[in-house]
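Listed here are the chains, written in short residue letters.
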Amino acid sequence: MSWLWSNLDLVGELILVHLALSVPAIILSFVVSVPIGWLAHRYRWSRGVLLSLCGLLYAIPSLALLIALPTVTGFSVLSPVNLVVALTLYGIAVIVRTSADAFDAVERDVRQSATAIGYSEVGRFWGVDLPLAGPVLLSGLRVVIVSTVSLATIGAVTGVQSLGSLFTDGLQRGIEAEIIAGIIATIGLALLLDWAAVLLGRVLMPWTAGGRTARRRLLVTGGSGQVESV
Amino acid sequence: MNLILEGIAWVLDPANWTGVGSIPQRLGEHLLITAIVLAIAAAIALPIGVLIGHTGRGRDLAVMLSGGLRALPTLGVLALFGLWLGIGLSAPILALVILAIPPLLAGAYAGFESVDRRTIDSARAVGMRERQIVGKVELPLGLPILVGGIRSATLQIIATATLAAYIADFGLGRFIFHGLKTRDYAEMLGGSMLVIILALVVDGCFALSQRLVVPAGVRATRSPELRSGPARPRAAVGQPSTEGNQE
Chain A
10 MSWLWSNLDL VGELILVHLA LSVPAIILSF VVSVPIGWLA HRYRWSRGVL
60 LSLCGLLYAI PSLALLIALP TVTGFSVLSP VNLVVALTLY GIAVIVRTSA
110 DAFDAVERDV RQSATAIGYS EVGRFWGVDL PLAGPVLLSG LRVVIVSTVS
160 LATIGAVTGV QSLGSLFTDG LQRGIEAEII AGIIATIGLA LLLDWAAVLL
210 GRVLMPWTAG GRTARRRLLV TGGSGQVESV
Chain B
14 MNLILEGIAW VLDPANWTGV GSIPQRLGEH LLITAIVLAI AAAIALPIGV
64 LIGHTGRGRD LAVMLSGGLR ALPTLGVLAL FGLWLGIGLS APILALVILA
114 IPPLLAGAYA GFESVDRRTI DSARAVGMRE RQIVGKVELP LGLPILVGGI
164 RSATLQIIAT ATLAAYIADF GLGRFIFHGL KTRDYAEMLG GSMLVIILAL
214 VVDGCFALSQ RLVVPAGVRA TRSPELRSGP ARPRAAVGQP STEGNQE
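So the protein sequences, as listed, match chains A and B.
Its first residue numbered 10, the first sequence is counted upward by one per residue in our numbering.
Its first residue numbered 14, the second sequence is counted upward by one per residue in our numbering.
By construction, these hints were calculated from the structure, which means they are not laboratory data.
Small disclaimer: the values here were computed from a predicted structure and weren't measured.
We put the beta carbon where it would ideally sit given N, CA and C, even for glycine.
Think about it this way: if two alpha-carbon atoms lie no more than 25 Å apart in a straight line, the pair counts; the simulated SDA-like pairs of lysine to any residue are:
id, chain 1, residue 1, chain 2, residue 2
1, B, K194, A, V81
2, B, K149, B, V227
3, B, K149, B, L225
4, B, K194, A, P79
5, B, K194, A, T177
Computed, partial: chain A to chain B, Cβ under 10 Å:
id, residue
6, G64
7, I69
8, S71
9, P79
10, T80
11, T162
12, T167
13, E185
Anything over 10 Å on all C-beta distances counts as not near chain A; from chain B, calculated:
id, residue
14, P37
15, A48
16, R72
17, V231
Kindly generate the complete structure, drawing on both the sequences and the hints.
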């Protein structure tokens, strides 16, 4: 414990560095994977190809990806940008399947009704498909948040500063409290961002706030009524 | 492009294929550790997962464990065990087992839970004992998902075993850490390539076996259209347009 009190500044600083690494990766992977997921949902051939690619990407061990990535991107192994790119790729690999499922989950009846009342393809995507896919997209985002924050610590072994530096430093200097503090801070940060995502989801998708049964009812009966106000 | 060629040249260099710490030795170590860890973790997690999936009791525990442990940073766990148990293989093995248990537990649990309750009730109705239901109904039907759990656990072990070379002298990860230390990019890239190839080959084998374990009866009756079936019964009034979903 005494280690933590005398090193609060360091931990606080590393938390900020860790945020700066993981938040851009989380946002980027979400923004990129929603259109990819939609494409995977839209056509049968693209579904097979895109989901297989994501599966392969996800199978690649993270440390190996960190080392191999610079041959493609040109960034240095030691660069934080390299870590962010790797984290983004993993995030995409995780979330594309969920976002394809999210668009699949939008009922065909609802979609056809939207077209029938005059939504264009683009308008329907923004006004109907995306909001109704929202809750499942959010669940995918939450998985990415937790795994990205945890994975970002691996950069420490290639020399990218993060909360993971507490692990490498603690191991080298034999300070147990430092490693434990790093683990707790990483988990805490993941939970905090997860909570923020849930909160954001409630603000952006107020119709989901009433819990699962209410959401089911809305999706089946009143979903489109809610959607119009979005 | 040059960098990739250097990495390939390193992998193909005959000097790296013989002696202490050669590629075959490291590859063998990597595979051996993966097999040992998988065996231990499976012996612990699969029976528990099967029990939870069969009885439906303790589901919350399974969900919480598999979800919560995702947040646990693997490097931190490795470092902590490395510090506690010192140099040697026991620290990485123990850490790897702990990290491999959640996906295995989730796979076994989800596989058994995916079996249609009506099928299980039918099995019970025709007089099967609980043991028979588990072995002859739930296991074959849930096997593809269970193998999926073993697949993700194995990939995770291979990935984390690479990282575990940070605290112990074994596996393909040694090339990466040695290369990092000596600033030898060809070596770390070569090591990474070997790890990636290993992971993709293992993943491919599991993908194949996941297909093979689908019971013949399920394969025969599986409807050609798995997704986007009508959510509600439809009136039979001609073919509705399939707008929005190409089939």
